[in-house]
Amino acid sequence: MEGTLDNGILYKKDGNCKLVGFYDANYAGDHDTRRSTIGYVFILGWRAISWCSKRQPTVSLLTTEAEYQASTMAA
Numbered sequence: 001m002e003g004t005l006d007n008g009i010l011y012k013k014d015g016n017c018k019l020v021g022f023y024d025a026n027y028a029g030d031h032d033t034r035r036s037t038i039g040y041v042f043i044l045g046w047r048a049i050s051w052c053s054k055r056q057p058t059v060s061l062l063t064t065e066a067e068y069q070a071s072t073m074a075a
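With the numbering used here applied, the sequence shown corresponds to residues 1 to 75, in that order.
Wrong hints could be hidden among the right ones.
Claimed, not checked - The calculated label-pair distances, taken between Cβ atoms and stated as ranges, are:
no. : residue 1 : residue 2 : range
1   : Met73     : Asn16     : 40 to 46 Å
2   : Thr64     : Lys12     : 39 to 45 Å
3   : Asp32     : Glu65     : 17 to 23 Å
4   : Leu5      : Val41     : 45 to 51 Å
5   : Ile9      : Asp32     : 37 to 43 Å
6   : Leu5      : Arg55     : 37 to 43 Å
7   : Glu65     : Phe22     : 45 to 51 Å
8   : Ile9      : Asp30     : 35 to 41 Å
9   : Asp14     : Arg34     : 20 to 26 Å
10  : Asp32     : Leu10     : 27 to 33 Å
11  : Arg34     : Asp6      : 18 to 24 Å
Hints are computed from structural coordinates only; laboratory data are not their basis.
A quick note: this is a predicted structure, and the numbers were derived from the prediction, not measured.
Backbone N, C-alpha and C define an ideal beta-carbon position, used for all residues, glycine too.
Given these sequences and hints, build the entire structure.
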């Protein structure tokens, strides 16, 4: 973008730059369609840098399948 050459993100050398990720799914959370809601969040230091939450496009038959789809989306 024009005029943004001086913008950036500053990470201090002694600061907390630990990257942590979480994902989860609620198996068949939508009672009408029986679809699960899946989501993830990635945290760098103390701030969320990426996140998403959405309903799965297909119906999961097992809790494990819903969690697997959530982990795949996060990856």
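Hint check for glutamate 65 and aspartate 32 - Cβ pair distance inside 17 to 23 Å = holds (19 Å)
Within 20 to 26 Å or not, the Cβ separation of aspartate 14 and arginine 34?
-> About 49 Å separates the Cβ atoms of aspartate 14 and arginine 34, which means 20 to 26 Å is violated.
Kindly confirm whether 45 to 51 Å is satisfied by the beta carbon distance between leucine 5 and valine 41.
-> 30 Å Cβ-Cβ, so the 45 to 51 Å window is violated.
Satisfaction of the hinted span 39 to 45 Å by the C-beta atoms belonging to threonine 64 and lysine 12 = holds (41 Å)
So the hint says 37 to 43 Å: do the beta-carbon atoms of isoleucine 9 and aspartate 32 match that?
-> holds (42 Å)
Distance restraint hint 35 to 41 Å, applied to the beta-carbon atoms of isoleucine 9 and aspartate 30 = holds (37 Å)
For the pair arginine 34 and aspartate 6, does the Cβ-Cβ distance stay inside 18 to 24 Å?
-> violated (51 Å)
Should the hint that leucine 5 and arginine 55 are 37 to 43 Å apart at their CB atoms be regarded as holding?
-> holds (40 Å)
Please test the hint of 45 to 51 Å on the beta carbon pair from glutamate 65 and phenylalanine 22.
-> For phenylalanine 22 against glutamate 65, whose Cβ atoms are near 19 Å apart, the range 45 to 51 Å is violated.
Can the suggested window of 40 to 46 Å be confirmed for the beta-carbon pair methionine 73 and asparagine 16?
-> Distance hint for methionine 73, asparagine 16 is violated at roughly 26 Å.
Cβ distance range 27 to 33 Å for aspartate 32 and leucine 10, holds or violated | Violated, at about 47 Å.
Violated hints for the displayed structure, listed by number in ascending order: 1, 4, 7, 9, 10 and 11.
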